[in-house]
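**Student:** Chain residues, written in single-letter form:
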Amino acid sequence: MKYLMLIAEPENAYEGEAGEAKLTEIVGKHMALVAELQAAGALLGGDGLQPSFTATTVRTQGGAQTVHDGPFAETKEQVGGYYLIEAADLDAALAWAKKIPVVDGGMVEVRPVAEY
Amino acid sequence: MGAEAAFRAHGARVVAALAARFRDLDLAEDAFADTCERALAVWSDAPPRDPAAWLYAAAVRRAVDLKRRAAVRARLKPDLPPPEPDPEALLMAADRPFPDERLGLIFACCHPAIAPEARVALTLRVVCGLSVQRLARAFLVAEPAILQRITRAKRKIRDAGVPFEVPGRAAWPERLEAVLTTLEIAYAQAYQDAAGASEAAELGPEVLRLSGVLAELLPDEPEVLALAALVRFAEARRPARLDELGAMVPVSEQEPDLWLSPMIEEGARLLDRAATLRRPGPRQILAAIHGAHLSRLETGVTPWADIVELYDALLFFRRDTVTRVNRAVAAAEAQGADAGLAALETAGAPRDWLPYQAARAALCATAGRLDEARAAYTAALALDPPPAERLFLQRRLTALQM
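Chains A and B, in that order, are what the protein sequence lines are.
The numbers in the first sequence follow this note's numbering, run straight up by one, and end at 567.
The numbers in the second sequence follow this note's numbering, run straight up by one, and end at 541.
In case anyone wonders, no lab produced these hints; they're calculated from the structure.
Keep in mind that this is a model prediction, so the values were computed, not measured.
For each residue, glycine too, the CB sits at the ideal point set by N, CA and C.
Keep in mind that the hints are not guaranteed to be accurate.
[Claimed, not checked] Chain A side only, calculated, beta carbon under 10 Å to chain B, not exhaustive:
(1) 479
(2) 483
(3) 486
(4) 539
[Claimed, not checked] Distance condition first, Cα-Cα at most 30 Å in a straight line; then the derived BS3-like pairs of lysine-lysine:
(5) A:480 <-> A:527
(6) A:549 <-> A:473
(7) A:527 <-> A:549
(8) A:473 <-> B:206
(9) A:550 <-> A:527
(10) A:480 <-> A:549
(11) A:550 <-> A:473
(12) A:453 <-> A:549
(13) A:550 <-> A:480
(14) A:549 <-> B:206
(15) B:295 <-> A:453
(16) A:473 <-> A:527
(17) A:453 <-> A:480
(18) B:295 <-> A:527
(19) B:206 <-> A:550
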């Protein structure tokens, strides 16, 4: 099965000098994880995203479309990246999800990809 | 064995094996239901030698057929006629053993990815075969709500790819814990009704059976054995939990002759085996507390000091209010009502919680603080106790008013 693993973290964790050091550390861990996923033949895709202040949202309502500055919702944690993987079942996907490096308060949402 | 009894006895194993094979609980249940209908029609003259294997073999065919039809419908092509059943092939397949996937099914139903409030209902529905109607009555929830919980959980298991497998040992602290907690919640529903009058009490025998199956399948897991022991110790006392007028009888005042000895012995064997594995846990201590109460059958006295020590050990695992209040009640017996009351007041129990007010009332009465005792009994009665407990509390209050 294909699973999308969405990473959400408190963005302020990467602010300031300490934040930059943290980012370097986390990115290093992502590189290692990418290598491990590739070696296992499980990696289908994945990227990091620019911070949520760069997000623009197109909303459709009542037949009209409007463009807004910002993400879906202004929450403390924001989606900052994703992995698309192939895994035998949810337990295998969750095992990968637990290996994704995140800062304290970070979350990984595991969603099966719908197959039609 | 009649057909209906065979369906009930083998249903869980057949559904589990189907679910593991097709990774779809709805499909497994539908195929099994259709197969039971067919069995009723064809078994009448010649019931098979191995009904479980027959049911499995026939249900696999039915499941394949249902899947094929669904695929055909999805492609918007006209439905094909179902294949003719082949009695010869069915008989041959029916002689082959099929895998026991019940444990994997329990793990799937209690997966942390399933909403906690859905786990109990789903497990009892799928593993024990309880109807949605009975579950709704047992949990005092409307049928559509229970049905929705179960339906969503089944869909999640199918669509998110929850495996029907026993996870590796490394995952057990999380996974086995979820299974045991689910069974504990199910049993708590059954136990709280001393009278055994409500639908919830019917869950008692189901959890008794399920915990036994789990202990049989995982004989080297002390907490699994302890849960099975615990349920047996508690169910063994059921005949003694009410007096002739229907009032609750506290465990220390129950008539030991009414306890069910064979069930106590079975529990003791399970708990002994758990102890030899030398990995202590909260359920082993809880079972030991139940066991200590039951030791009165032979010694004639309740070993309250031992029970307090066991509660102290339990607090190491569970620092919750229930444990603290129960410990306070035992401490009152072992060390006097004042010590018990002091412990009770620091237990952090909410004032509008029935077990707290009931315990406080009893301890105040023993300590001679009669005004406070009457007030606590009145407060307890205002918290809507179940009928048997209401009768008990009412009687105690009346005695204090004389």
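**Student:** With a cut-off of 30 Å on the C-alpha distance, tell me whether residue 453 of chain A and residue 480 of chain A pass.
**Tutor:** holds, 23 Å
**Student:** Regarding the pair residue 453 of chain A and residue 549 of chain A, is the alpha-carbon distance no greater than 30 Å?
**Tutor:** holds, 17 Å
**Student:** Check the hint pairing residue 549 of chain A with residue 473 of chain A against an upper bound of 30 Å on the C-alpha distance.
**Tutor:** holds, 19 Å
**Student:** Is residue 527 of chain A close enough to residue 549 of chain A, meaning Cα to Cα at most 30 Å?
**Tutor:** holds, 21 Å
**Student:** Does residue 473 of chain A pair with residue 527 of chain A here, judged by a C-alpha cut-off of 30 Å?
**Tutor:** The given pair, whose Cα atoms are some 18 Å apart, holds under the 30 Å limit.
**Student:** Quick one, is the residue 539 of chain A hint okay against chain B at 10 Å, beta carbons?
**Tutor:** holds, 8 Å
**Student:** Please verify whether residue 480 of chain A and residue 549 of chain A have alpha carbons no more than 30 Å apart.
**Tutor:** holds, 13 Å
**Student:** Would you check whether residue 483 of chain A satisfies its interface hint, that is, whether its CB is within less than 10 Å of any CB in chain B?
**Tutor:** Check failed: Cβ of residue 483 of chain A comes no nearer than 21 Å to chain B, outside 10 Å.
**Student:** Do the alpha carbons of residue 480 of chain A and residue 527 of chain A lie within 30 Å of each other, as the hint requires?
**Tutor:** holds, 23 Å
**Student:** Decide if the proposed pair is consistent with the structure: residue 295 of chain B and residue 527 of chain A, CA atoms, cutoff 30 Å inclusive.
**Tutor:** holds, 28 Å
**Student:** What's the verdict on residue 206 of chain B and residue 550 of chain A, does the C-alpha distance respect the 30 Å limit or exceed it?
**Tutor:** Answer violated: residue 206 of chain B to residue 550 of chain A is near 36 Å, above 30 Å.
**Student:** For the pair supplied as a hint, residue 473 of chain A and residue 206 of chain B, confirm whether the alpha-carbon distance does not exceed 30 Å.
**Tutor:** Since the Cα atoms of residue 473 of chain A and residue 206 of chain B sit roughly 50 Å apart, the hinted pair is violated (cutoff 30 Å).
In terms of the numbered hints stated before, the structure departs from hints 1, 2, 3, 8, 14 and 19, listed from lowest to highest.
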